[in-house]
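Asker: Full structure from sequences and hints, please.
Under the numbering used here, the first residue of the sequence shown carries the number 386, and numbering increases by one thereafter.
Just so you know, the hints here were simulated from the structure itself, not pulled from any lab data.
From a predicted model like this one, the values you see are computed outputs, not experimental measurements.
Just so it is clear, CB atoms sit at the ideal spot from N, CA and C, and this is done for glycine as well.
Do not take every clue at face value.
Straight line, CA to CA, 27 Å or less: simulated BS3-like cross-link-like pairs of lysine-lysine [stated by the list, open to error]:
| no. | residue 1 | residue 2 |
| --- | --- | --- |
| 1 | Lys619 | Lys517 |
| 2 | Lys504 | Lys582 |
| 3 | Lys619 | Lys504 |
| 4 | Lys582 | Lys517 |
Taking CB as the label site, the calculated pair distances span [stated by the list, open to error]:
| no. | residue 1 | residue 2 | range |
| --- | --- | --- | --- |
| 5 | Asp491 | Ser614 | 14 to 20 Å |
| 6 | Glu488 | Asp428 | 39 to 45 Å |
| 7 | Arg440 | Thr585 | 32 to 38 Å |
| 8 | Ala590 | Val484 | 33 to 39 Å |
| 9 | Thr633 | Thr528 | 39 to 45 Å |
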Amino acid sequence: SYAVETNWYQQYAARCSAAARVPQCLAVERAGEAVIIVLEDLDAAGYPRRVATVRAAELAACVQWLAAFHATFLGNAGSGLWETGSYWHLATRPDELAVLQTEDPDLHAVAQVLDTRLKDSPYQTLVHGDAKLANFCFSQEGTAVAAVDFQYVGRGCGMKDLAYFIGSCFDEAACAAAEAQVLDDYFAALRTAVNEKQPTVDIDALEADWRALYPIAWTDFHRFLKGWSPGHWKVHGYSEALARSVITS
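Answerer: Written out as structure tokens, the structure is:
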């Protein structure tokens, strides 16, 4: 994961605009198996705040960051990064999958289908891979944001980041209440960013594809979480209901 993060900062980070702010890589030094990465101080750069709960301005900033990031790297092969971005994807979590055989056999039965659906999207991009609230650094007002921790960056459907991010912010009731508005805000921002950065992409087709994959991405993370920690606070009624709707569709 640290080799991937090193590659990210050396080969990709400079492509991110202010709309998908990341720390500048100042130096990389290798000494045997050790790697030292020197990064810009985001506190000094104007992003001193870390938050445990998200306000409207901070939520909007993160959603816009994700849209800009995904638009920037849409279609990128991700050479030197993870072939499949994120830490929970099926190929890397056989133990958690095995638990589901008794914990949730219906979810176990569709695990491969979920993974294939996400990988088969024609609109692959780079995903952050761990886009939780704790990995975002905010301006004092909360209207601007930068992201850190790129150990799991790689190819994938952008909905993996969005679903994971929303799940890191909200409890069961808030997830249900926020879903429609967050999706609309994300796709509005994505439309603007794609039209600016990759105008040849059919944004209507992209949006239709990714909107359909949002519940798939949510259920895929729920699949991992339920196999890893069935009592986790994110294993709640909203996730269960969404997963059941995916399983039966």
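Asker: A separate judgement is required for each hint: does it hold in the structure or not?
Answerer: Taking the hints in turn, this is what the structure says about them:
Using a Cα cut-off of 27 Å, the hinted pair Lys619 and Lys517 holds, with the two alpha carbons roughly 13 Å apart. For the proposed pair Lys504 and Lys582, the alpha carbon gap of about 23 Å is at most 27 Å, so the pair holds. Between Lys619 and Lys504, the direct Cα distance comes to roughly 24 Å. Compliance with the 27 Å bound is thereby established for this hinted pair. Using a Cα cut-off of 27 Å, the hinted pair Lys582 and Lys517 holds, with the two alpha carbons roughly 25 Å apart.
Take Asp491 and Ser614: their Cβ atoms lie about 19 Å apart, and the range 14 to 20 Å holds. A hinted range of 39 to 45 Å holds for the C-beta pair Glu488 and Asp428, which are about 42 Å apart. Distance hint check for Arg440 and Thr585: the Cβ-Cβ separation is about 37 Å, which falls inside the suggested range of 32 to 38 Å. Range check, Ala590 to Val484: about 37 Å between beta-carbon atoms, so the 33 to 39 Å window is met.
The hinted range of 39 to 45 Å is satisfied by Thr633 and Thr528, whose Cβ atoms lie roughly 41 Å apart.
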